[in-house]
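Just need the whole structure built from these sequences, with the hints factored in.
2 protein chains.
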Amino acid sequence: PGNPKKVLLFQQIFLSSASNSTIASYLRSLTSHPHLAGTKPSLETIHYVKTHFQNLGLETHTVPFQTLLSYPVHASVSMHFGNGTVLNLPLNEMGIPSYPSSGLIQPYHAFSPSGTVHGKVVFANHGREDDYRTLGLMGVNVNGCIVIIRKGGGLSRGAVVKIAEKKGALGVLMYAEGDVSKGSFGSGVERGTVMEGVGDPLTPGWGADEDGERLKLEDKKVLERFPGIPSLPLPFESAQLILDSLGGPLAPQEWRDSGRSNLSHVGSGLVMVNFTYQVGLAGWENAWGDINFTLSMPDLGLHTIGTGLIYFGLRELPSQLQLIHFCYVCMEPMEGEKKLATIYNVVAVIRGLEEPDRYVLMGNHRDAWTYGAVDPNSGTATLLDIARRYALLMRKGWNPRRTIIFCSWDAEEFGMIGSTEWVEQNLVNLGAKAVAYLNVDCAVQGPGFFAGATPQLDNLIFEVTKKVQDQDSEVVATIYEKWKTMNGNNIQRLSGVDSDFAPFLQHAGVPSVDIYYGRDFPVYHTAFDSFNWMINNADPFFWRHVADNTALLFDMLVAGVWGLLGLHLADDPVLPLDYLSYAKQLQEYKDAFSRVLDGNISLTPLAASIQEFTSAAKQANEETKKLMEQEFTNDLLALKIRALNDRLMLAERGFLDTDGIKGREWFKHLVSVFFSKIAVRTEVLHTGSRIFQFAISTEALTYRYGNMICFLGIYGPRSNYESGLEFFPGISDAMAESKNMSQKDGHAAIKHEIWRVARAIQRAAAALKGELV
Amino acid sequence: PGNPKKVLLFQQIFLSSASNSTIASYLRSLTSHPHLAGTKPSLETIHYVKTHFQNLGLETHTVPFQTLLSYPVHASVSMHFGNGTVLNLPLNEMGIPSYPSSGLIQPYHAFSPSGTVHGKVVFANHGREDDYRTLGLMGVNVNGCIVIIRKGGGLSRGAVVKIAEKKGALGVLMYAEGDVSKGSFGSGVERGTVMEGVGDPLTPGWGADEDGERLKLEDKKVLERFPGIPSLPLPFESAQLILDSLGGPLAPQEWRDSGRSNLSHVGSGLVMVNFTYQVGLAGWENAWGDINFTLSMPDLGLHTIGTGLIYFGLRELPSQLQLIHFCYVCMEPMEGEKKLATIYNVVAVIRGLEEPDRYVLMGNHRDAWTYGAVDPNSGTATLLDIARRYALLMRKGWNPRRTIIFCSWDAEEFGMIGSTEWVEQNLVNLGAKAVAYLNVDCAVQGPGFFAGATPQLDNLIFEVTKKVQDQDSEVVATIYEKWKTMNGNNIQRLSGVDSDFAPFLQHAGVPSVDIYYGRDFPVYHTAFDSFNWMINNADPFFWRHVADNTALLFDMLVAGVWGLLGLHLADDPVLPLDYLSYAKQLQEYKDAFSRVLDGNISLTPLAASIQEFTSAAKQANEETKKLMEQEFTNDLLALKIRALNDRLMLAERGFLDTDGIKGREWFKHLVSVFFSKIAVRTEVLHTGSRIFQFAISTEALTYRYGNMICFLGIYGPRSNYESGLEFFPGISDAMAESKNMSQKDGHAAIKHEIWRVARAIQRAAAALKGELV
Ligand SMILES: [Ca+2]
Ligand SMILES: [Ca+2]
Ligand SMILES: [Zn+2]
Ligand SMILES: [Zn+2]
Ligand SMILES: [Zn+2]
Ligand SMILES: [Zn+2]
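Protein chains in written order, with my numbering: chain C, 557 to 1329; chain S, 557 to 1329.
Source of the hints: derived by calculation from the structure; they are not laboratory data. No incorrect hints appear here.
Just so you know, same-sequence chains aren't split out, so a pair can sit in one copy or run between any two.
Pairs of lysine-lysine residues, derived as DSS-like cross-links and limited to a Cα-Cα distance of at most 27 Å, are as follows:
#1 1181 <-> 1140
#2 1181 <-> 1022
#3 606 <-> 596
#4 1218 <-> 776
#5 1325 <-> 1181
#6 1300 <-> 776
#7 1300 <-> 772
#8 1022 <-> 952
#9 596 <-> 772
#10 1300 <-> 777
#11 1307 <-> 772
#12 1295 <-> 772
#13 1295 <-> 1218
#14 722 <-> 772
#15 1325 <-> 1140
#16 1325 <-> 606
#17 776 <-> 1307
#18 1218 <-> 772
#19 777 <-> 1218
Structure follows, in C-alpha cells:
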C-alpha cells in the first residue's frame, strides 16, 4: 500500500539536502549569548526558533507555562581562621571576564534551599552510602559538618545532597576533578539542578497553565522534591583549598588514587566550619549580583597557582569555612503580586494527509545553563535543519501520511519542565495518538554514534543508520558500519530521566528514541560550552571540511538519522515497530533477575507474560508482512492498516500502570524505566552513556537514605562484578526494601512487584494482540 | 457515507422479527431453578446461554474467573427468656416447602462475617446517622446492642452495617415491611451483599485469573470492604416478634407512621440480647442446611398468624435474642487445598466488517439470588432474543460496521464481580476500542419505560424510542410518546454502582446506557422472583396477549430499544454521540453546586472547563454534520470518519483520573459517578430509580462512619427540600470532610477537588477537540 517509490524519492531528497552552512549558522545564532530558561536573553532564542519555523511556512505555536524555577541571588564560601581572618573562595570559572556583562549565571544548584550553616568540613568522596560507611570505619562522623564531595559516584546531585542530609550534614560542596588532559576546561564549574523527579514541582501531574491550580511551596509534595540542606558547586581549585585544610584520618588509598586532587586527610578533626545560607526571593532582575571574594591573605601562606587560583598551603591554621549560600527562588514568587517564571515551548506542525491524528514527535530542549553549544543547541541546530529540509520536501509535493511535530522545549535543565508540562497538558491526546517521540539533546559531544531507544524501534534505527553515509575518515562508510566497529551497534535503553524523553516514555508510554554523537564532554554545564569549544573539540571536522560540504559533520549525521527516523515513522503505511526486539529484551531482563534472585523467588508469572508478549509480537509481525504485500489500497484496507498500527502504537502504553512506581507514582512505566531508587545516574553520564552499572552486593542493600533506597543488588555474592539491572524498578525497589522486613514480608513485597510487572507485560501483549480475552 | 437505506432496512427487519414465544421460552428455561453464582445449578444457565449463542453461529467464549464468593452455612436467631426458654425465629420465606430440595439458598447477607454476639436489641429505624441521633436524643445508645433496622433509608446494606458497627452495635438484623397491597409477597426476605466497592475483593484492579495474584483474606485492602459485625435479613414477621418485645422509650411518631410494623418502643431497656455467630469455611455442598426453629411456646403467649408465622404478644418476658449466624465464606476457601469459586461470563461476538476493532457491548448478568425471573433473567431472555434477531439479519446479508459483543455476566449479585473482572482483564483494549456499553439488568419489573445513560447517548435513546411501538393499551403509540406521558422522557444518570455498567463507566470510562421497564418490584431478591410472579405481575400482558404477538410485551419493548441502540452504535458511520447534551448536564451540575456553595468558593475553573467542553462539543457536532453530507466513500474519507469517531469515543475517557476518587481509588470517573460516600443507594432503588435524592442540611455533614462519610449537603439551610447532587463525588466528599477541618484547610481541600474535576472536563474537551494545545 502507499507509494513506496515516491517515499524513497523523498528520503533521497532529504538526504541530499544537507548543507554545509545552515547548521553552523543556526548554532552560531543560538549560542551568541547565554540563554537560561526563564530569563530575558532566552526570549531571543525562543523568537529565533519560532521565526525559523514560521519562515518555513509551518504552523507554529508558542506554548507558555508558568513554573517554579530557581536562580542564585548571592553565594559565597569563605574560610574562617582562628585569628579572625576570612578567606573568601572563588566560586566562578576562571577566565570569564565578568559574569554580569556576559550574561552568564554563576555556578549554582537549582532548587537548593538557601540558608547559613556552620561546621567542620569532611571529605566524603563521592557521597555514596558506601563512602559514609568507610568514613564511619575511620571514626569520622559527618553529623553537624559540611561535606565536600567529588563528582563521579553514580548518584544524581539531588541524591548526593539527600544522603548527606540524612547523615546529618549541614551542607554540601561539590567539585569535579575534570580531565587533566583537557587542560583549561578543567576550570569549568558544573551547574545543575538538585530537584528530584521531573516537571514543575507545583503542578505534579497536570500542565502548569497560567490560570491553573498550584500547590503551595510548603506542600509536602513540593518539599519532598528538594533537599533540605544547601549545596553549591565549587571550582576545582577552591575545592583543593578546602581539601588541603583538612585534618583527621588519612584518606584511603583508593580515594586518593583516582583523581588529580591533592587529597591526604578526610577531616574533620582540625578544621572548624562555618556554613551560612540565607533565604530570599527575587525576580530575575535581582537574581544575580557580583560574587565578592577576597584573595588577599598572604600572611596565611596563600599563593597563586595556575590561572590565578589561590592555593592555601597551611593545613592547621584555618578554623572556619563559611559558605554564604545563594537563595533558591522562583524567579517571581507565586503568592500575592509575585509571579512565577514563564517558560515557552515552541511547537511546529506538519499535518499528516491521511492520518492527521497520529503524531510523530521530534524534540530537543533549547534552554542552556550557559551558551549551550553542545547542550542542547547542537541538537536545536539539527532540529531546525531537519525542519528546513522537510519544508523543502513539501515544496516538492511531499505530504507526510501522519502529523509531524517539532518540539523545542524550555527549562529542561531545571528538570525536564517544558516537555513534562506539555506532556501532562496533552496526556489524553498523546496517549491515544502519539506514535513515537524522537529526542536529541546534546547532538554532538565528540565522535562516535550512540543511540538509546525503546526496543521496538531498534530495527528502524539499524535500517536508518545503514542509509546515512559518514564521511569522517579516509574510507566513507555508513553510520551503521562505523558504529559497529566502534561499539558493536549497541542500542542502550532509555532508563534515565535525564532528557525530555522521560515524560513521553515514563508518564505517557510513548515509544522513544534518543541519539547523539560522543559522550562525557568535559565542559558539561560550564561556561565553556560555547560555539568555539564545539568548533575546536566536539566536531573537529567543522572547519576542516567547511569547503567540502561536511561542516559540522557530526551534527549533519545526527540530522540524517533523526530526519530519516521521522520520515519512516510518518510515512510508512505500517508503523516500523518491531516488538520481537522488545520481547527479546524483556527475556534478557528476566534472565538477569533470575540470576540475581537465584531461585529464591519464582519468576513464573514474568516468564508467562513474556511468552504471551512474544507470541503477540510474532503475530503482529506476520500481519505486518501480509498487509505490506497488498498491492492496492481501498477504504477497507486503509482501516485494516490503521487497526494494526493502533495495536503497534498502543502496545507500549500497556506497560503503564495507573498506580505507578511505588513512592514515585508519577512514573507510570513499570518496565523500561530504570530509575530504580538509585538509578539517578551520574552527572558524567548525563551527557552520554545511558547505562549505569553497579556492583552486586548483599550488603549494598542497606544503602538507604530518606525515601531513597540504594539498591545495589540482592542475593549475589559481595563482589565488584557488574550487572545492569536497569529495568523493572518496582521489583528492584522491593528487593532493596525487603532487606528491612521479615523474610516473609520481604518475599511477599517482591512477589507483588513481580506480579505487577507481569500484568503490565500482559497488558502490552493484549494491546499488541488487539483481542479481548 | 455508508449505505443508510440498507441500514434502515436491517433496522426494519430487526423490529419486525420480534416473536411471541421466544422470550417467554428463554425466560422459562433460565428460571426453571435457582442459579446463584458459583453454584452447580448455575452451570446449567451458563450452558444454556452459551449453547444459544453457539447455535446462532456466533463466536462464543466462556470466560472463567476465580473469585471470592460468600455463602451461608448455618444461621439462626433465637430469643432467650429469663426462665431459660428459647424461641428460634423463622429466617426463611414462608410458603417455600423446603429450601434444600428447591435449591433455594436461605436469606443471608453475602460477605457478612460470621460469629456470635450477645446483647439487647434496639430498633434504629433505617440505620442512618440521623436515626442514631434521634435515638441519642431519647437517651438510647446502641453500643453493645444488636440493632434491628427496616429497609428504606437510602443506604446500601453495607453502609447500614458499617454505621451500626461504628456506633458500637454487635450485629444487625434487617427487614423490609414490604408492600401491604402486594399481599403474600410481603413474606419474601431480601438477600444481598454487604460488601463495599465492586469486583472480586482479592484482585482489586486486575482480572481474577485462575493463576493470577491474590491478596490474602487478611489484607487490609480486603478487610476494609467487609463489615466487621454480622448481619442477617429477617422475615417481616420474625422482625415483628422482636419489635414487639422491645421496651425503652416510645418510638417517634414518624417512625411508626410509615410502615406496617406494629412498632411502639425502640428498646433496649427491657430486652436482653444474645447474638451468636460462628466462623466456618465450607464448599458449596455444605453451604446450606435446614434452618431449625421452634414455634411451640404457647405458655409465653405465642400464637400463629398469617401463613403459619408466630406472633409473640408478651412484651416483657423475652430476655435474650440469640442469632447464631451463618459463616461468610468463599465457596471453596483459598488457602491450602481449598479453592475459590469459579464464575463464568459468556461472551459472544459478531465481528465488525469495516471496524472490527471498535466494540459495541451489550451486557446483562445471569446469576440470581433465587429464580431470577425479574432480576436478571428478564434481561437475559431479552439479550438472547436480540442475538437471535441479529443472527437473522446476518443470514439476510447484514454485517455490522463495528464489532458487537454480547456479554452474559456472572456474580453480579455479589458486587458486579463478573463484569468487573472482565473489564479489569481487558482494560487496555476496552479503553482504546469500546464505543459504548449497553446494560440491561431487570428488564421488566412492571410498567413504564426508564432509561439511564451518560448524556452523550441521550439523543440516541430518544431517537430509538420513537421507532419502537408500544402496544400496551388501547392507543398504540411509540415508547417515546408513552414515556413522555408517564415521566417526561427523563433520562437518569448512571450514578450508582448497582449494576454491570459500573466497571465500564467508572473504571474504564466507556459511555453507558441502562434501560428497564418498571421499578421497585416487591419480590426483589426473594424466593418469589419467579416465572409465575413475572407472568402475573410484572408483565401482565404476557398471557393476555399471548395469542396476538405481544407475549412478554415489556420484554419485547426493551428488546426493541436495546437492539436498535446496538444497531445504531454498530452501524452508524459517524458515532451517534452528542456531547452537547453532556455539556448541558455538566452546566446543570455546576449550577447545582453553585447554589449549594453559595459563593463561598469559586467555581471559575469548573465554569471555564465546561465552556471549553461546550465549544468542543459544538465543533464535533458541526464536523459530524459535514462528514454525514459526503456522498461517497474512499480511504481518505474512511480515515477522516474514523478520526472523528475516535474523538467521540475517547471524550468520555477524559473524565477518568489516574488517581481516582480519594479513598476509593478504583473509581476513576470524576464526573458521572455519584457514589459520593453515602451515594450507596437504597436497596429499593437497586431495581429501579437510579437517582438518590437527599436533604440538604448543614448538620448532615457530621454524618460519618469509619472511612465512610455521609454527605448530605453543605452551606444550605437545614430543610427537607431535596437536591440531586449525584455527581462530582470528589467535591462532595471534600465538602463533607471539610467540616472536620479548619476553614482554611477545608476550603483548600474543596478547591483542590474542584480543580481536579475541572481538569477532567478539560481532558474530555481536549479528547473531543482532538487537538494538542
Ligand atoms: Ca505539571
Ligand atoms: Ca479483580
Ligand atoms: Zn541537555
Ligand atoms: Zn544539561
Ligand atoms: Zn440484577
Ligand atoms: Zn439483584
